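Participant: What follows is each chain in one-letter form.
2 protein chains.
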Amino acid sequence: MRKTKIVVPIMLTELAELEKVSVSDYRTADIVEWRADFLSADEILEMAPKFFEKFKESKILFTLRTVREGGNIQVSEKKYLQILKEILTYNPAYIDVEFFTHGPSFAALKDFRDKMVLSYHNFDEVPSDLTNRLIKMHEEGTAFVKVAVMPERECDVLDLLQITRDMTLEYGDHFISMAMGDLGRLSRISGYLTGSCWTFASLENSSAPGQISLKETEYILDILEK
Amino acid sequence: MRKTKIVVPIMLTELAELEKVSVSDYRTADIVEWRADFLSADEILEMAPKFFEKFKESKILFTLRTVREGGNIQVSEKKYLQILKEILTYNPAYIDVEFFTHGPSFAALKDFRDKMVLSYHNFDEVPSDLTNRLIKMHEEGTAFVKVAVMPERECDVLDLLQITRDMTLEYGDHFISMAMGDLGRLSRISGYLTGSCWTFASLENSSAPGQISLKETEYILDILEK
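Protein chains in written order, with full-length UniProt numbering: chain B, 1 to 226; chain Z, 1 to 226.
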């Protein structure tokens, strides 16, 4: 059994697209991430029942990636919370909550911590306070803590691997980390060493810079995690 | 062009085997390593002219890996030096010299430093003095400095990646490092980050624990070094 779980995002830009999606394409994904932020708020709530019905055999991670954290949707705090609350009624395996951008929503959803992937994305750099941010997020007691950062130099990637390892040794196996871009690719396949629990792999178009395809990720992890 | 060069070892155990070797199997290897230590000293010297003729289109690394450094041949210092001297007459691209095990031979061959892969192998651990050993080896001014060590824990591998990166930044692009065993596999494909110049990949049977096949290594490096 593979140590690092593979999450495959699905990014639908129109309601009609859901029908064309072939669930079997996602059959080897450990988790399907519905990156809902390619739709409007109303479209998300309209699509939700059909999406969760269609993927009822899959573990679903619901993610509303906002513009400030590199995503596509711009919503008020109120609307962000409202969408997450409604999605929770469909009982997804996990929901992503942007800790530093949507603190109030996180506070309002604390009862669902066992479903939460508390996330932080930095598309500019690997911030020097990353360790403190990770500890802060860890202390909230969510299922997972996820960080995605942008390395500027090789050492940034190596530092992230080391930080993830230290966090895992210190606080346990619930961290997910990735360095984005071409430089960061190694971080997407090094979970067996660092303890990073998940890796995000694309079916076709990637949902973040430096992402590797599902097929390639499976091939590489099967070699590294022999 | 691939940043990390792929070295493929060839380990012949009998004189008659050379004829059966298909040179085209090695055509995508950047360097062919003749791991001669699977033969006796006399067999090596007898095979040499045919080997160098057969692989005249390839860059050849000649390696006599002694028992003390994880290899198969046990020879006196005198015999070790005699073999290397004779092999040098065939003008291989590189020769491996075990720095800490065969210091006198290294001293006697200093004129060939531009062909030398100065090597150190530790099959037990990642020694705490690894950085000092690397600096000491670097100071000898050889073409490459190669270390292969055995990690006991995940942090050992991450430390090796960091040390290799630091060495490369400090002293330039002539280090080759690998952590052996299953744990160390990531180090065999992370040259684009650490600066490790070569990786050793097997055609079929691996010549060191944790080695990845040539085909797999090419596939992975083409993804990571995009």
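Since the hints were made in silico from the structure, they are not lab data. Hints are not guaranteed to be accurate.
Said to hold, decoys possible - Stretch-level coverage of chain B by chain Z, calculated; a stretch enters the list once three of its residues show a Cβ under 8 Å from a Cβ in chain Z: (1) 148–157; (2) 179–187; (3) 190–201; (4) 208–219.
Computed from a predicted model, the values in this text were never measured in an experiment. In this text, a Cβ means the ideal position worked out from N, Cα and C, and glycines have one as well.
Participant: Now tell me if each hint is right for this structure.
Facilitator: Evaluation of the provided hints:
Against chain Z, the region 148–157 of chain B contributes 3 residues with a C-beta closer than 8 Å to a partner C-beta. That satisfies the three-residue criterion, and the hint holds. For the region 179–187 of chain B, the proposed coverage by chain Z is satisfied: 4 residues have a C-beta within less than 8 Å of a C-beta in that chain, meeting the threshold of three. Coverage of the region 190–201 of chain B by chain Z holds in this model, with 5 residues showing a Cβ closer than 8 Å to a Cβ of that chain against a need of three. Look at the region 208–219 of chain B against chain Z: 3 of its residues bring a Cβ nearer than 8 Å to a Cβ of that chain, three or more, so the hint holds.
When the structure is compared with the earlier hints, no violation turns up for any of them.
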